[in-house]
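Using the sequences provided together with the hints, build the complete structure.
Protein chains: 4
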Amino acid sequence: MIKVGIIGATGYTGIELLRLLHFHPQARVTRITSTSQQGEEISRVHPQFKKIYNLQLDELDLEKLAEETDVIFSALPHGLALEKVPELTRMEKKVIDLSSDFRLKNPKDYPFWYGFEHPCPDYLEQSVYGLPEIYRENIKEAALIANPGCYPTSILLGLKPLIQENLIDSSTVICDSKSGVSGAGRGAKLPFHFPECTENFKAYRVGSHQHTPEIEQELRYLSGDPNLILTFTPHLVPMVRGILSTIYAVIKNGVEKEGISEAYRKAYEKEAFIRLVEEPDLPETKFVYGTNFCDIGFRVDERTGRVIVVTAIDNLVKGAAGQAVQNMNILFGWPEETGLLHPVVYP
Amino acid sequence: MIKVGIIGATGYTGIELLRLLHFHPQARVTRITSTSQQGEEISRVHPQFKKIYNLQLDELDLEKLAEETDVIFSALPHGLALEKVPELTRMEKKVIDLSSDFRLKNPKDYPFWYGFEHPCPDYLEQSVYGLPEIYRENIKEAALIANPGCYPTSILLGLKPLIQENLIDSSTVICDSKSGVSGAGRGAKLPFHFPECTENFKAYRVGSHQHTPEIEQELRYLSGDPNLILTFTPHLVPMVRGILSTIYAVIKNGVEKEGISEAYRKAYEKEAFIRLVEEPDLPETKFVYGTNFCDIGFRVDERTGRVIVVTAIDNLVKGAAGQAVQNMNILFGWPEETGLLHPVVYP
Amino acid sequence: MIKVGIIGATGYTGIELLRLLHFHPQARVTRITSTSQQGEEISRVHPQFKKIYNLQLDELDLEKLAEETDVIFSALPHGLALEKVPELTRMEKKVIDLSSDFRLKNPKDYPFWYGFEHPCPDYLEQSVYGLPEIYRENIKEAALIANPGCYPTSILLGLKPLIQENLIDSSTVICDSKSGVSGAGRGAKLPFHFPECTENFKAYRVGSHQHTPEIEQELRYLSGDPNLILTFTPHLVPMVRGILSTIYAVIKNGVEKEGISEAYRKAYEKEAFIRLVEEPDLPETKFVYGTNFCDIGFRVDERTGRVIVVTAIDNLVKGAAGQAVQNMNILFGWPEETGLLHPVVYP
Amino acid sequence: MIKVGIIGATGYTGIELLRLLHFHPQARVTRITSTSQQGEEISRVHPQFKKIYNLQLDELDLEKLAEETDVIFSALPHGLALEKVPELTRMEKKVIDLSSDFRLKNPKDYPFWYGFEHPCPDYLEQSVYGLPEIYRENIKEAALIANPGCYPTSILLGLKPLIQENLIDSSTVICDSKSGVSGAGRGAKLPFHFPECTENFKAYRVGSHQHTPEIEQELRYLSGDPNLILTFTPHLVPMVRGILSTIYAVIKNGVEKEGISEAYRKAYEKEAFIRLVEEPDLPETKFVYGTNFCDIGFRVDERTGRVIVVTAIDNLVKGAAGQAVQNMNILFGWPEETGLLHPVVYP
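Those sequence lines, one after another, are chains P, B, L and E. Under my numbering, the first residue of the first sequence is numbered 320, with each subsequent residue one higher. Under my numbering, the first residue of the second sequence is numbered 320, with each subsequent residue one higher. Under my numbering, the first residue of the third sequence is numbered 320, with each subsequent residue one higher. Under my numbering, the first residue of the fourth sequence is numbered 320, with each subsequent residue one higher.
Rather than coming from a laboratory, the hints here were simulated on the basis of the structure. There could be a bad hint or two in this list.
Chain copies aren't distinguished; within one or between two, either way the pair holds.
List of simulated lysine-lysine pairs, DSS-like, C-alpha gap at most 27 Å [what the hints assert, rightly or not]:
#, residue 1, residue 2
1, K322, K412
2, K427, K508
3, K383, K427
4, K576, K370
5, K424, K413
6, K369, K589
7, K369, K576
8, K459, K571
9, K370, K585
10, K322, K508
11, K413, K322
12, K383, K322
13, K370, K589
14, K424, K508
15, K369, K571
16, K459, K412
17, K427, K369
Shown next as structure tokens:
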């Protein structure tokens, strides 16, 4: 039984780690930290944990944390993680960081997309992008895992087989994604105030969302095309959890439906958390709610020569905490699904 | 004060006509019909109308209806409207039909997209497509107005200036639309059962939705390109009302943001129901809830050379009953906004 | 056409006044004020008002406001209204105040239930409690109208006939009320953050809600019993608008169902905004959404000798802004339903 | 590892049993039946189970089922269970029945509250009411367990300490309960159609709900008063899961807050699934979502001499499938929380 620490345990990603790790047969959360609520019982701050967790929120003491745990999840927001994570790595502690602070390989992307200069760009080189379906081998040896963003996970898993098998014109990719409100975090703000948010649907940060370079970086890696760019539009859905991405691309001459099916089967038949959805069905967010699954379906629009891929994940699980636990499983050499195969709470 | 009849008054489109016409200073609903609930008071079937309407649901007697009203709205479902509407037209009664039975000019589109042979294709020629922002002049003289579909309205209004001013490559158009559940009508079915539908988001009829030929028909008319085709993907949002369409197209060489702004201003500055949304804002469905407005905003994604247009309407108002009343106003020579300028019920 | 001013026009009550007054044939809003957003166009702060209102938010200058308007609605929060309203009254301006600052006749209730000493208790005497179904005659002459709270409106209208006709044991009254989230106002706070608030139901301030003395004050007036007390429990429903109150009382010996029906008919048959709901139907909040109606139904539980009354209102309309407009209509001698008879936006 | 059969596995209670039993370390579901969808894979009917369950829906063959399983859950609707369950009992198979067909001890209650004569009243005698917090000892030996209704569970657990310790006047009990929509089952009907059901709140079956006699039967047992009656009002909340019951009673002379606290502690301190909620907190349905917990809090309203108890459960878990698994644990001598201690999916 390994000992797990969580930095920033009271936000939505932090409590989702607590939820998922409760099922894990080989890991136990022993230390949790919070800046704003240190000293409190986690079950006072989050009453849903009563009779589940007896754990107090500690102040963040990196040295103590490193000493007393075997692996650390950082659920700090971006811009804060980079102040804490490098020190843990220097102490040779394995860290799975759920922020975006170590995902981008090109330091110039930080000022452009995030608005700050990265203070420790050397860590960008050694971090491993924690998408197991692409980087499984590298994750095994990683000291610092940069856990992927929610939108990028939903898009990269949908495009990987098409890009790798060279089935689409990569200059035509458009990703239209829709996310539940938990993706915005636990901070109460007017756009997420219930009366404003329910019975409303909108696009936001059109053409300028900070997940764009992350998606492009990985598609470039997969395609070998260093100039690949795409259009990405996020939307806000009046629901709590779930991302559905609808991805459009022109298929290459001669490519047919069966070839696309074959590419998906080949890429994913051994994956524990990818479920291919066959016609006439299509992915729906409710079928992956609370789970680490990514459901993928597609249609070929023969009239226009496009493929339309639809993927569904739970943004807090496969899009954050669940994927982080999957990465921990890889890091420790356990089967990837260890403690992660939960049925959906349905309906 | 003219007398108005509504055929099929108990469905969502029918009761929305009742709601909107209640505000109209020149028109009064005097006859309403229902097949399933004839003889009932409308306020028994729909208690929200108590103290608002004292009207009984009649059986559908076309002759009597024609005699006793000045204009008729048909809110029958598609496939049923075509059995009733032609007879009213033969009796020289003005009809605004809210089904899709008279929208498509090419009779062959009906078996392909709707699954039935059209029994009276000559009526397809004489009907006028009731989108005032395109066909205002024709509507004035129309005997039979085919009121547009909800998705087509949201897409055509977004694309019209770009197509007419030749600013985009029309072979690259992709429309990703999201609709509230009222678009599915009042029939209780499993996918719309509250526990299945709330906290869920999904795509449906990907590449095969029956509104596709209607959108293409009108874009061909606007562009002059008889072969224009596009990709259209509808989605279901867990909310009652509203359609948000996100429309993608490659812009032509040399076209810039200001030129696009100018095209929208030029096309719509005199329109009563189009509201252009300026940066940094974008349309949201909640801002048009219950109203006949269509809000339109756009972004130029300079990195990829695409324009992304976002439009928002209320599917039951500008997407159905409100547009029908706007058409009635045109037909009778009244200002288009007569009885239609309502503030949103917000929040 | 009279000129109307609104103090505090950007909160939910303020914008609801703007919405409703837009329909009014005799009144026009000419001045609106806001402390936090003065100088802004109302349609910038609330985009739903584009093409509906061209009005700028002014700073609050009481003298100017009094000079340039015929009647003033104050939509300031409680504790703030009492700093501004008395001065307007001193300038002999008619004010309809939507806060609770002038509702309670006993100054001692303020420190006990609201936590502050009332600075101008003489105004408590001259203010009129603005529930038309009880105080219509007094409202006609009032200088200062204290518009009722949302919960009290839903409860008092349900109990008035039973209390007045002496049909129930007034020591047994229990009011279990459920409110939509808009009742909490527009301030973003964690309990109303969409992910926390949706798919949740809870009671709050059990036995200690500040509307309790207001309900008791008016029931004492109606019953003549100066010691009447009751139990009131508010709950939060994951919806935007609506209050449903379920009210329990032991019926007096010999009282039967028909006698109760008769009491309701007698009390309300001439009321424009009360709708009695007959068996087997019961009030539902959706049937009054966005309207000034109060729907009332009841059941006699013969096994236990209790009557159970169910009432439904829209908390922002009959529970706030709509009732305020109804009071304005009374004040100016217009029919009470002037500008207020709107059909529900349904579904 | 025991083998479990589920009759009626596709409804909401059936799939909740499948979800919960997936976590169970000692039990495995080996046979599931469905009348309407026999022959189908469960993961075709319910795609959320893909990669979780490989199980086919069988036709209902009671003999085969009895032979091949160690315990059987019946999730048939009431009126149907009584046609199948007795035969299983005759074959000496342990059955946990989730319908109401064997809950009421007095056969006369069936025609009065359910509208049918009970065909096998002798089974009413031998069945054990499966509320572990009351009947734990009897459950251990039961051949047929009548799993409690959702509303009764939420009310009985709230009242048990007060009744047993004689702290309240049992003639004054009023239960005002609010339930999520999943309680209505999976059948699509107009009142549960998303556009009708969302943004709506209502009471139903006021004074006549069929759970009333079940609540009274058990309160009579607890109190020893064979004439105890109460008022019970159910309401429908626009959410999927959860019941919150607000329970009112007059406290007996001399009873104080501390005495009530003590009664709850004494009754529940050893219970695995009861969580007492201390001031200033109160139960909320979201804190028990998806779990077998029952959260209980109370307030003494000293002004009126009443106690107000608030309880929260998940209607599909502690109100149905979870309690059934708890009963199975008791039946097999395992710790009650075996396989049932799950953290909430939050938010």
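Each hint, compared with the structure:
no. : hint           : in the structure
1   : K322 with K412 : within (12 Å within a copy, 44 Å between copies)
2   : K427 with K508 : neither (30 Å within a copy, 36 Å between copies)
3   : K383 with K427 : neither (34 Å within a copy, 55 Å between copies)
4   : K576 with K370 : between (51 Å within a copy, 24 Å between copies)
5   : K424 with K413 : within (19 Å within a copy, 61 Å between copies)
6   : K369 with K589 : between (38 Å within a copy, 14 Å between copies)
7   : K369 with K576 : between (51 Å within a copy, 23 Å between copies)
8   : K459 with K571 : neither (35 Å within a copy, 47 Å between copies)
9   : K370 with K585 : between (44 Å within a copy, 17 Å between copies)
10  : K322 with K508 : neither (35 Å within a copy, 35 Å between copies)
11  : K413 with K322 : within (12 Å within a copy, 42 Å between copies)
12  : K383 with K322 : within (13 Å within a copy, 47 Å between copies)
13  : K370 with K589 : between (37 Å within a copy, 12 Å between copies)
14  : K424 with K508 : neither (32 Å within a copy, 37 Å between copies)
15  : K369 with K571 : neither (55 Å within a copy, 32 Å between copies)
16  : K459 with K412 : within (14 Å within a copy, 50 Å between copies)
17  : K427 with K369 : neither (45 Å within a copy, 41 Å between copies)
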